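Following the hints, complete the assembly by docking chains B and C onto the known chain A.
Heads up: the sequence lines are chains A, B and C, in that order. Here the working numbering is used: the first residue of the first sequence is 60, the next is one more, and so on. Here the working numbering is used: the first residue of the second sequence is 149, the next is one more, and so on. Here the working numbering is used: the first residue of the third sequence is 15, the next is one more, and so on.
Calculated from the structure, these hints are not laboratory results. All values derive from a computational prediction rather than experimental measurement. Do not rely on the hints blindly, as some may be mistaken.
Mimicking BS3-like on lysine-lysine, the simulated pairs with C-alpha atoms at most 25 Å apart in a straight line are [said to hold, decoys possible]: (1) Lys308(B) with Lys72(A); (2) Lys122(C) with Lys154(A); (3) Lys254(A) with Lys308(B); (4) Lys122(C) with Lys102(C); (5) Lys62(A) with Lys181(A); (6) Lys72(A) with Lys122(C); (7) Lys102(C) with Lys154(A); (8) Lys72(A) with Lys62(A); (9) Lys47(C) with Lys102(C).
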Amino acid sequence: MTKKEIFINSAFKENSVWRQILGICSALAVTNLMLNSLILGLGVIFTLALANFTISLIRNWTPRSVRMMIQTLIIASYVIIVDIFLKANMPEISKQLGPYVGLIITNCILMGRAEAFASQNKPWDSLIDGIGAGLGYTLVLIVISFIRELFGFGTIFGFQVLGDWWISWSIMVMAPSAFFLLALLIWAVNTYYYKAKA
Amino acid sequence: MDISAFVLFWAAIFTSNILLTNFLGMCSYLSVSREIESAMGLGLAVIFVLTVTSALNWVVYHYLLVPFGIVYLQYIIFIIVIAAFVQFLELLIERYAPALYYSLGIFLPLITVNCAILGVSLFMVIRNYNFIQSVAFGAGSGIGWLLAILMLAGLRRKLKEKLVPIGLRGAGISLIITGIMALGFVGFSGIVQIQ
Amino acid sequence: MKDSFWYPIVFMLIMVIIFAGILSVMYRFSAEKIEALQRDSYQQAILGTLAKAIAEAEGSTMEEILAQYPDSYQEYIHEQSVTGFERKIYIAEVDGDVVAYCFEIHGKGLWGSMQALISTSIDLRTILDFDIVNQHETPGLGARIEEDWFLGQFRDRLFVINPDSEEDVSGSYEFIAETQTPENDQQLRRVTGATITSDSVIKMLRDEINYIYNYFRNNEL
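Excised from the complex, chain A in its bound form (with noise of 0.2 Å):
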């Protein structure tokens, strides 16, 4: 596949969230907030490219038993590097960020790639299919954020859209909501991307 395609596919046709339904965790804790999930997006992003590209380095030396100990080692690895940066060089974010780190690292879309895609591939292909992957899935978790903070604060990153007279939905500021959400958005996906037919 070329690089192009790489990229269409783990970022749309075989994206992580409404196609292979993984890192669904996250994606109901961090969308109340479009800032919070752009911050973990990022995250994601970082460490997904990196941790693909040095798990797809070792994958012929990689003895087959140890495999997902080798690649969780190496995924908590570089969540642990983002953790220590951010808090030195950027604490305002690292507070924000602060109780995501954990998530990042049981985020299945990492797993789910690394094997996929990473214990098969050459290393620079390895690399965009994380970057698409990990695209892919701040996007949807951008779109939901954008319904849940606008309807249940009135901003949209944290500026405000609407005025005194909106009265916030609760429901959207609650994480169920993002089941919700999360379902109308792969109802939509699979009727008008994939045009699902009986």
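Okay, now just chains B and C, sitting in the frame of chain A:
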């Protein structure tokens, strides 16, 4: 903390259900709930892994990470412990109970990436549980996870798929069902103090 | 070679050593910086709660005192430990006279513990300022207790209303919806959708101020 382990155990199953209240462990929950038998198998394995790894990680945290000042490595160490234990469990089952091994199949390695497992270990650290509390919390969380996945599997079995719009079948309708269950569980929040 | 028994174990060990090594190096490299940042942030929070009192005594403004960090912290504030008293105390002194106290207090929220700083008048009855420094509540919901409008409700508040009481020196408080306006001093606006977290805050203040007031009723500060 003076919360009795007994209370923690029940709270972890119902009022602070790891899946419906904390939203951890979603991925395998959504894909494996298609059949009740597989849901049961995976759930039981999760209970076992959660209980043992909570205990193991507690020991590792208090006797390795804290004394040596390497608490910042806790994510890595915890997840390696979990991955190693699951791997070890897989080898054991393959050797001594091959029938069970074949019926569990892919579900065993799936457990390693279950965010609920790491989540429970991290909660135990944040909330400063002692050993007994950690084990009780781990066991309760596992049972709570099993409860949630069985509920979804049961509902999906009863669901007449024909009535669901094509685009919503499978993941979509599962998410809506789970959302409604989660809303119900919101009513439990704060009933029992767990830290 | 890949199929031998020892290869996976050795491979695993080598990888762990490599990655743990990289992390340790990164950590040692940044540890000092992180600590300094955290200490600065904490001290600035303490200064924040005491700045108004210091400014009034010095005839300056709150903004000026805050702007002069770290010098203003060094000059006016020092930590005091009192044996038997289990909280950290920071004392603000101007020209030898104590102008205010700042205490680090703890409480339990819905998801985890919380830590806050309160500054009080020298008779320990009035809360001058209140700042939450650490909490684990739900982002966008319970975490909104850190917002200025919520914390501001406790600013310049006479909290010890029944100083002679043995059980509870504070008065009773009632929470009303965020969108309503308080009719009297006993009404406080809670965070919408975060009833338990809001209650936890008031409980923390009540418990902690009772502890502080009762301790120093009989002992010297």
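Hint by hint, here is what the structure shows:
The suggested pairing of lysine 308(B) with lysine 72(A) is violated, with an alpha-carbon distance near 28 Å, which exceeds 25 Å. Among the hinted pairs, lysine 122(C) with lysine 154(A) is consistent with the structure: their alpha-carbon atoms are about 20 Å apart, no more than 25 Å. Note on lysine 254(A) and lysine 308(B): the hinted pairing holds, with a Cα-Cα distance of about 22 Å set against a maximum of 25 Å. Of the supplied pair hints, the one linking lysine 122(C) and lysine 102(C) holds, its CA atoms being roughly 18 Å apart against a limit of 25 Å.
For the hint linking lysine 62(A) to lysine 181(A), the alpha-carbon distance of about 11 Å falls within 25 Å, and the restraint holds. Simply put, lysine 72(A) and lysine 122(C) have alpha-carbon atoms about 46 Å apart, too far for the 25 Å limit, and the pair is violated. The straight-line distance between the Cα atoms of lysine 102(C) and lysine 154(A) is roughly 23 Å, inside the 25 Å bound, and the hint therefore holds. Between lysine 72(A) and lysine 62(A) the alpha-carbon distance is near 14 Å, which keeps this suggested pair within the 25 Å criterion.
Straight-line distance between C-alpha atoms of lysine 47(C) and lysine 102(C) comes to about 24 Å, which keeps the hinted pair within the 25 Å bound.
Figure legend: structure checked against the earlier numbered hints; hints not met, in rising order: 1 and 6.
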